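A.B. asks: The hints should help you fit chains F and V onto chain H, whose structure is shown.
Chains as they are written, first to last, in the numbering used here: chain H, 917 to 1311; chain F, 49 to 378; chain V, 17 to 341.
Check before you lean on any hint, since a few could be wrong.
Stretches of chain F that chain V covers, calculated by requiring three or more beta carbons in the stretch to come under 8 Å of a beta carbon on chain V [unchecked claim]:
1) 171-177
2) 181-187
3) 206-214
4) 263-270
No more than 20 Å apart at the CA atoms, straight line, and that leaves these computed lysine to any residue pairs for SDA-like [what the hints assert, rightly or not]:
5) H/K1097 to H/H1041
6) V/K116 to F/D362
7) V/K265 to V/C283
8) V/K210 to F/D362
9) F/K86 to H/G1180
10) H/K994 to F/L84
11) F/K86 to H/P1081
12) V/K210 to F/R377
13) H/K1060 to V/F264
14) F/K354 to H/I920
15) V/K265 to H/G1180
16) V/K265 to H/P1081
17) H/K1060 to V/E339
18) H/K1060 to V/E268
19) F/K337 to F/L60
20) F/K215 to F/E234
Computed spacing ranges between beta-carbons, pair by pair [to be verified]:
21) H/A1098 to V/E295: 52 to 58 Å
22) F/E253 to V/A104: 55 to 61 Å
23) H/D1188 to V/R36: 48 to 54 Å
24) H/D1188 to V/R281: 54 to 60 Å
25) V/A318 to F/P238: 56 to 62 Å
26) F/A363 to V/R36: 34 to 40 Å
I should point out that these hints are in silico values taken from the structure, not numbers from a laboratory.
The structure displayed is predicted, hence computed values, not measured ones.
Note that the Cβ used here is the ideal one computed from N, Cα and C, for glycine as well.
Okay, here's what each chain looks like letter by letter:
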Amino acid sequence: MDVIMPQLGETVTEGTVTVWHKKVGDKIKADELLFEVGTDKVETEIPAAVAGTLTEILVAEGETVDVGVTLAVIDDGKETSAPAPVAAAAPSAAPTQKKPSKPAMAKPTHAAPISPVVARLLTEHNLNAADITGTGRDGRIKKKDVLAHIGGAAPIVDGDAEVVPFTYTRKLTAEHMVRSKATSPHVLQAVEVDFLAVDIARRSIKDNWKAEQGFSLTYLPFIGNAVCEAIADFPRVNASVVGEALHIHKKINLAIAVDLGDEGLVVPVIRDADELSVPDLAKAINEIAAKARDGKLSGDDFTGATYTLSNNGSTGTFITAPIINQPQVAILSTDGVRKKPVVIEGDNGDEIVIRPVGVLAQSFDHRAIDGAYSGAFLGRVRQILEETDWAAELG
Amino acid sequence: MENDDIGEEKRLELYRLQLECRYMEKRAYDLFLQNLVKGTSHLGLGQEAVAAGFGAAMHSDDYTFCTYRGHNHTLVRGSSMTGILGELMGRECGLLHGKGGSMHLTSAEHGAMGSYAIIGAHIPIAAGAAWSAQYRGTDQVSVCFFGDGTTNIGAFHEGINMAAVWKLPVVFVCENNLYMEYTPIEEVIPVEHPAADRASAYGLEKIIIDGNDADEVYRTAEVAFAKARAGEGPSLIEAKTYRHSGHSRADPADYRPDGELEEWLKRDPIDMYRGRLAEFGIAEKVISKLESDAIAIVDQATEEAKASPTPSLDAIETNLWADGGSSWRN
Amino acid sequence: MAELAYRDAVAEAIAQEMERDESVVFLGEDVAEAGGVFKTTVGLLDKFGPTRVRNTPIAEQAILGAAMGAAMTGLKPIAEIMFSDFLAVCWDIVVNEIAKARYMTDGQFNMPLVIRTANGGGSRFGSQHSQSVENWAMAVPGLKVVAPSTPADVKGLLAAAIRDPDPVIFFEQKSLYATKGEVPDGELVDELGKAKVLRKGDDVTIVALAAMVPRAMAAADRLQQEDGVSATVVDVRSLVPLDTQTIFKEVEHTGRLVTVEENPRLCGWGAEISSIVAEEMFYDLDGPIIRITSPHCPIPSADDLEDQYLPTPERIVETIRREVD
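With the rest of the complex left out, here is chain H (with noise of 0.2 Å):
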């Protein structure tokens, strides 16, 4: 074993051997008095911690050395040293409680300090401090100024109109959205998409299905899977934009946008989307929406989402277009899906049938992609939702 500089005080960073009681090749005893160390505080005396030959001296009498080092090493028969503990596990990341961070402030052009409230405000709405009259001390522009001018909620209840301040919720859904505007020159493409092969599958399980998970399958279970799918020849829908760079995601979490009503929406994530089952995907699926209608999501039910899903088929609408969950670029909506006279091309000439049909609609970030990639994962989607044997896939 290793013998070393013992650390002699708190404060003690080095110590002197002033004396080796040992040469090496003696054969020393456990607790046998083996050299003794100076430090700016104290003279020690420091034995053998256990029996064995003394093989080497690596420090000599009148040598300085930090804490730690090596003196002279001992056989005593035995392994060397001990290994070194092991390292602790990584510190999971606090979770923070601060508010999302806001835009660089406006640089104020009015003689009265522009406070950090009405500073956020003018940047926000693109407004001059110079266009607001202030109607604080020495005409300071306030918060309540900067709002009448937008013509914005104002605090006090006008007679008028019922007011309805926003919930937490509301506020971080308006910001959000404000920013994605603002972040990403959206552009909207759509496909029209014959369900048929979907609507067959589901209607053969649909009754069962119901009667044991207690509630439907629907469509979105199908749309996500066909998605996931298609992410994997499109890659670049399922990536964030930073700084100059496009980040292609290895992982496809899909956020799933769930509506709560008058409260706002939430946008909780399915880990690994890509890795369920149509049927895992809708009782995942399920299982977040109803607990975000109960208020039961957590921190981590919001982080990591690549893809979003938007679906807002339920009211029968023909086509949304869905605002991008940020940092992501790209979003898609599915909307009503409706019995429609189709044609079908056929060796023999068109015929007209009738075909559950819905539009898919994705908006996507211009910086990061163009129609033509776009237009191709869509294709790729309606593809694998018209031509796979969803049968099959239900198992």
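C.D. replies: Leaving out everything else, chains F and V in the frame of chain H:
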């Protein structure tokens, strides 16, 4: 030679406890020379008989409170030696999972209700545990160990006073090892016996014993415990002993007069007890086996502790509150 | 509902909890026959007897040490420290022992105790019997800190503190002992860590604690009548755990924060709240955060000196007039 009121089984236990304390503390010293034991360590080398004598007399549901020189007192309650050495080395397996260190060894499940680093603070706390036993109507006793230097601090007076007035089942044990940290005790006390000469101020008996004789300690403990369990109130016991090493790590104790250590080493409690076992007819090989068993236990505990990882950083903000967290806000 | 004095609410809360839980015990100086020097514990000895309601010697370290030992071994003690200034006498037990026992042992000890103490000035007792020291306690990790302003809050928060598994220091404000308020009948248990909005306005949010709460309310009335300034008043009630969300919500609405603290200037509880708001609500502030505190001196004893030392409603009104536009 007196009749053997203590009995062979208890004698062997007393010897075993002293051996484990001695070898464990020596190992702790070796480990600190290897820079494996961190911070500061106050060793009880030479004072094993007090811890062992009281430990062997206690019931498992009694409470003990000791000072930062408390490795032995914690061990004799049955606490894990791996846990003690692990805590000294700052490992996950430590009794306190690396959160407290050498001066705060605790094993509440064994009744070892903490080692206290502020001189005297645990005296009223020990009284409080005794109050709790009195209130709940159990026959538990609270035992409080401290040094000669403690007898001068305010909490000593307040705690013993209240225990005497409320007749609490607490036994106060002063281990007079002749030194208040680096200062000879007679320089800071106006009377000869730091604890025993103050006992009458609280209406308590003056009790002075040889703290290096485990049998004497054991018998004294039994008497004090019986008194406490019978509802007759506290005792203050001064046990004269000596520490072989310095106050804390690397204190070579140069303040000791020449020859004093050598004189006391002649009265090493373990050597004396070894002789006593022989006098009572215990076979040499039984004694030797106890010694080699104790060393083996220390070796095993050392290896287990060394193999334990350092604690996860997640532990930093846990267990401030009963809910396991440390949150102070919403 | 019944009208109850602040001091009587203390006894009612203790009685409520002692009736329901046999492990609750109470100790302090002159608390038994005398019912406490401030008459806060009258009747408890008669109801619960001398083994549960105990007089102690004048020995603060012994009082809190005994409470800690009892809390570690299955009881739920309430310990009275007669004047909060005396916490300095036994501060070791509070901060080195009680606050740290669970953490240092990584959870081996329970510490379900309450230290209740008479805090604050206004009674001409002089500087060693008049301090407000809740900020000392707020600064130590491991202590929960509560300071009610009304009889209903006294009863509800003291009951919650007694039921809380962690150590709670309960600061009763001496100058409020005689005040009266409505207290609901029957069992009352409030929640630690919840501030109360007592008054809603649009121009400034006043955050106050204990005896400063009624003064903030009086100032808010005058500001409304005389200046047309409408103020929100928040009673913090609990410093640890701290209800930051209520404070944030109210500051976001008005854009201005003013604290009213009985502590001397440096490191009063309001400094911490101001710091948190400045950090997390910076972009919602329409002007600097203002703290109204006692000056950084001990408390003088003569009538006018003491009265003007503590933040008065006049000083609150003038400060807000000057600083909030």
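A.B. asks: Falls inside 52 to 58 Å, the C-beta gap from H/A1098 to V/E295?
C.D. replies: About 25 Å separates the Cβ atoms of H/A1098 and V/E295, which means 52 to 58 Å is violated.
A.B. asks: Taking 20 Å as the top limit, are the C-alpha atoms of F/K354 and H/I920 close enough?
C.D. replies: holds (17 Å)
A.B. asks: Could you see if the CB distance from H/D1188 to V/R36 stays within 48 to 54 Å?
C.D. replies: With Cβ atoms ~50 Å apart, the hint holds.
A.B. asks: Compare the distance between the alpha carbons of F/K215 and F/E234 with 20 Å, and conclude whether the hinted pair is satisfied.
C.D. replies: Violated: F/K215 and F/E234 sit about 30 Å apart, past 20 Å.
A.B. asks: Next pair to validate is F/K337 with F/L60; report whether the Cα-Cα distance is within 20 Å.
C.D. replies: It holds: about 11 Å lies between the C-alpha atoms, which stays within 20 Å.
A.B. asks: Could you say whether the range 34 to 40 Å given as a hint is met by the Cβ separation of F/A363 and V/R36?
C.D. replies: holds (36 Å)
A.B. asks: Mind checking the alpha carbons of H/K1060 and V/F264 for me, to see if they're no more than 20 Å apart?
C.D. replies: holds (18 Å)
A.B. asks: Just to be careful, I want the Cα atoms of V/K265 and V/C283 compared with a cutoff of 20 Å; is the pair within it?
C.D. replies: Cα-Cα ~24 Å, so violated.
A.B. asks: Holds or violated: are the alpha carbons of F/K86 and H/G1180 at most 20 Å from each other?
C.D. replies: With a Cα-Cα distance of about 54 Å, the restraint between F/K86 and H/G1180 is violated, given a limit of 20 Å.
A.B. asks: Can the suggested window of 54 to 60 Å be confirmed for the beta-carbon pair H/D1188 and V/R281?
C.D. replies: Taking Cβ atoms as reference, H/D1188 and V/R281 lie about 55 Å apart, which means the hint holds.
A.B. asks: Please verify whether F/K86 and H/P1081 have alpha carbons no more than 20 Å apart.
C.D. replies: Violated - the C-alpha atoms of H/P1081 and F/K86 are around 57 Å apart, more than 20 Å.
A.B. asks: Is the listed coverage of the stretch 181-187 of chain F by chain V valid when you require three or more residues with a beta carbon under 8 Å from a beta carbon of that chain?
C.D. replies: Three-residue rule met by the stretch 181-187 of chain F, so holds; n is 3.
When each numbered hint is compared with the structure, violations occur for hints 4, 7, 8, 9, 11, 20, 21, 22, 25.
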